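Respectively, the protein sequence lines represent chains R and D. So for the first sequence, our numbering puts the first residue at 1; every next one is plus one. So for the second sequence, our numbering puts the first residue at 1001; every next one is plus one.
Be careful, since some hints might not be right.
Unchecked claim - Covered, in the sense of this in silico footprint (three residues per stretch, anywhere, with C-beta under 8 Å from a C-beta of chain R), are these stretches of chain D:
1) 1111-1123
2) 1188-1194
3) 1288-1296
4) 1450-1464
What the hints assert, rightly or not - Far from chain D by the CB rule (all over 12 Å, computed), these chain R residues:
5) L17
6) A130
7) K329
8) Y335
Derived by calculation from the structure, the hints in this document are not laboratory data. Predicted model, so just to flag it, every value in this text is computed and none were measured. Cβ atoms here follow ideal geometry from the backbone N, Cα and C, with glycine treated the same way.
There are 2 protein chains.
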Amino acid sequence: MGTEIRTAAGYQSALELALEELRAFLGSRATAGEAARHHHSHGESTHPPALPDLVCFPQTTSEVSQIMQVSARHGLPVVPFGAGTSLEGHVNALRGGISLDMRQMNRVLRVSVEDMDATVEAGISRLQLAKALENTGLMFSVDPGADATIGGMASTRASGTMAVRYGTMRENVLGLTVVLADGRIIHTGTRARKSSAGYDLTRLFVGAEGTLGVMTELTVRLHPLPEAVGVAVSAFASVEGAVRTVIEAIQLGLSPARIEFMDEAQVDAVNRYSRLELAVKPTLLFEFHGISEASVEETARLAEQLAAEHGGLGFNWETTPAGRERLWKARHDVYYASRALLPGSETLTTDVCVPISRMAECIVATRADLDALSFPATIVGHVGDGNFHVLCMLAPEQAAEAASFAARLVERALAMGGTCTGEHGVGYGKKKYLKSEHGEALEVMRMLKLALDPENRMNPGKIVDVD
Amino acid sequence: MGTEIRTAAGYQSALELALEELRAFLGSRATAGEAARHHHSHGESTHPPALPDLVCFPQTTSEVSQIMQVSARHGLPVVPFGAGTSLEGHVNALRGGISLDMRQMNRVLRVSVEDMDATVEAGISRLQLAKALENTGLMFSVDPGADATIGGMASTRASGTMAVRYGTMRENVLGLTVVLADGRIIHTGTRARKSSAGYDLTRLFVGAEGTLGVMTELTVRLHPLPEAVGVAVSAFASVEGAVRTVIEAIQLGLSPARIEFMDEAQVDAVNRYSRLELAVKPTLLFEFHGISEASVEETARLAEQLAAEHGGLGFNWETTPAGRERLWKARHDVYYASRALLPGSETLTTDVCVPISRMAECIVATRADLDALSFPATIVGHVGDGNFHVLCMLAPEQAAEAASFAARLVERALAMGGTCTGEHGVGYGKKKYLKSEHGEALEVMRMLKLALDPENRMNPGKIVDVD
Chain R
1 MGTEIRTAAG YQSALELALE ELRAFLGSRA TAGEAARHHH SHGESTHPPA
51 LPDLVCFPQT TSEVSQIMQV SARHGLPVVP FGAGTSLEGH VNALRGGISL
101 DMRQMNRVLR VSVEDMDATV EAGISRLQLA KALENTGLMF SVDPGADATI
151 GGMASTRASG TMAVRYGTMR ENVLGLTVVL ADGRIIHTGT RARKSSAGYD
201 LTRLFVGAEG TLGVMTELTV RLHPLPEAVG VAVSAFASVE GAVRTVIEAI
251 QLGLSPARIE FMDEAQVDAV NRYSRLELAV KPTLLFEFHG ISEASVEETA
301 RLAEQLAAEH GGLGFNWETT PAGRERLWKA RHDVYYASRA LLPGSETLTT
351 DVCVPISRMA ECIVATRADL DALSFPATIV GHVGDGNFHV LCMLAPEQAA
401 EAASFAARLV ERALAMGGTC TGEHGVGYGK KKYLKSEHGE ALEVMRMLKL
451 ALDPENRMNP GKIVDVD
Chain D
1001 MGTEIRTAAG YQSALELALE ELRAFLGSRA TAGEAARHHH SHGESTHPPA
1051 LPDLVCFPQT TSEVSQIMQV SARHGLPVVP FGAGTSLEGH VNALRGGISL
1101 DMRQMNRVLR VSVEDMDATV EAGISRLQLA KALENTGLMF SVDPGADATI
1151 GGMASTRASG TMAVRYGTMR ENVLGLTVVL ADGRIIHTGT RARKSSAGYD
1201 LTRLFVGAEG TLGVMTELTV RLHPLPEAVG VAVSAFASVE GAVRTVIEAI
1251 QLGLSPARIE FMDEAQVDAV NRYSRLELAV KPTLLFEFHG ISEASVEETA
1301 RLAEQLAAEH GGLGFNWETT PAGRERLWKA RHDVYYASRA LLPGSETLTT
1351 DVCVPISRMA ECIVATRADL DALSFPATIV GHVGDGNFHV LCMLAPEQAA
1401 EAASFAARLV ERALAMGGTC TGEHGVGYGK KKYLKSEHGE ALEVMRMLKL
1451 ALDPENRMNP GKIVDVD
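Based on the sequences and whatever the hints tell you, model everything.
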């Protein structure tokens, strides 16, 4: 597109030509059908949908390259689409063009048990990958709530409950195959665990939300399944006590696999939805991984002591696998549990991340803010990382009230040295906050975008504006 | 510079003007003195030195910005200089210009025990930082052999012996203050542990070797000092057995803090230099960190069993702090121990990194290659990462023989899916290998360099050529 102005008729005829060229190698896997276009107009957020003009379903990197070449010839935007679970409008086709549905690229290309890594196509989902890893003794550790695709997770730099121990997508992607805006195919990284050989292109594409290129294959790091697992839940007299316990557990080197926080409203919602009987108090869920039952027990006893010192109201061990699973299922279902507070409501889900030293203060201030508002809302967080989510259940007329709340939340997080999103990404929902967060560095992002996508055809309108 | 051709007289007069402008705010901290220029013409490698025309010693980010503005006005290259310990010619001023000595920017700006992070100026060395962290219960984990500056370590994406557990500079830098080629100051990252808010500029500058901008401040991650430490040394009947032990230790989740490998030649050199009596066999040094003596003991016993299963010739525990220190000092002194094999020799030190599944094969083939050559050489490695070093002790006439060996080593590593450098960086010594390693992705690096430094004044001639 660039600076060229195109008439509606010109654009229409470019689309028709493009579709004909795409059909020549994709057949029915290129379509302008209404249903496909609607399905690819949005993720799971409340951001207004935006329809692509065409939808393609490539099956190989080479097909993605050909699609990018067609899009380049006809000046069409391209929006990569995974499982459609994104929360900030990442996949909405703001300027039309081609939605690139990656779900047919879902193969596991190789797994190495010795190197503890795997190469997968971008459209595989995390549960599909988990299934493929059964019986290897290894796991892929990044677990956002949704069954997102690995490519989508890399593109938003997703993390989830185990990031506190095993890292986010930033740490768990070792290398990529990327198709650039002009169709060129590049490979970033190597299969070596580390390298000092030049610019870190892998980390540049991770989190770029498809605005710099399309990931088609990823080499990801795997972790050994723990020999022993311990899970506990503890209510606390105060948010401060819960966060203090987390800080000291990390300082002591207890290296929890998960430490999740739920506020009282969230606990209440979970009790109702998942039929649990947790005390309606600020609550922590702990999981410890170890090389033996004894080592997990030792770690957990130390955590229990810390909790007791900081107003913990009893440390309840889940000793059976079924009990553990019930608890984590309840945690993973918080989205549905919260929605059930106001059936039929729209949900605004937002996340911020702050230095852990400021986390209690941030949560308490956010809860006080919420308590003065007219809609129900819950707080749940990956407290070991300083990352928390707010879910707001809204009637249509409350959207504006929720939007101002979300803006205040970001402002509060930034004032504390945090970030406007810990794991959901920017999309177009949070683009407006990047200037306050990054200042002049946003201009550097713009320079990078222009360097790699001078025509602004790669998922335009997301992260940075260049026109 | 760009495409402009400048006469020698024109360049000389630009230098004189620049020096005058620099003196106006730096006083005697800007110099064209011979001694300073010589000192800043090289690191610790055998690459031919190249003198800068001027040397500046800034004390603040603002002074660095002013220096960059002067350099921009007069078209002068700028080469950041830390402790001068680099091994691939990173700091050699290939095109003259200004050497930017960062050592006077060596303050610790803040430490947060709760957040386990610190902000430091780029010129602080790792031992200076270690000293500043005494009594905090925290450590900075990245430990290359030399007492490099934190800025230099970030710029080469350094790692060292503890990367297998605590990560490299890639994982341990949370945010940066960077001065761009035109003098603009940007801040990357936040103090939150993770973020999905836009492109990962921090990781773009980490490993860029000063070719995209000058780091002036870094926020780094700290780790809790372990409650208990266990150290052991074990000789093995074969390299394969040693590497197999490492692979299985990692798969079992033993999460060693260090696993270092020394080949027979290295053990022999260490025995002589550090007066040890290790068996002259392929050898592993282990270190385990844990929350108690009991947990370290449990972990170490499992490692001992694994070693016994794979041809380990006895697992010797260092139970006293003095014994542990003696062993690690010997490991850190391998460079001097190897040089003592041929006093007065030049040393070529090179490193590669391969997938761990290929490591034994790569080391064995490399040893066989070395055994056919005319100079003594030792192999030592961070085996948990698949990273190893070769030190070649050379008489002047053996330089060409060593250079072809080094090229074969890289070729071997790349053929195994590895990288031409695991932690030393590219500088200009390894630039020639980047095309085989990265293919078309090297062109993307070039595009990024041009976007951020269109005049190619930031450490020109390193990593990528753009003119």
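Each hint tested on the structure:
no., hint, result
1, 1111-1123, "holds (count 6)"
2, 1188-1194, "holds (count 6)"
3, 1288-1296, "holds (count 6)"
4, 1450-1464, "holds (count 5)"
5, L17, "holds (28 Å)"
6, A130, "holds (18 Å)"
7, K329, "holds (25 Å)"
8, Y335, "holds (18 Å)"
Hint violations for this structure: none, all hints satisfied.
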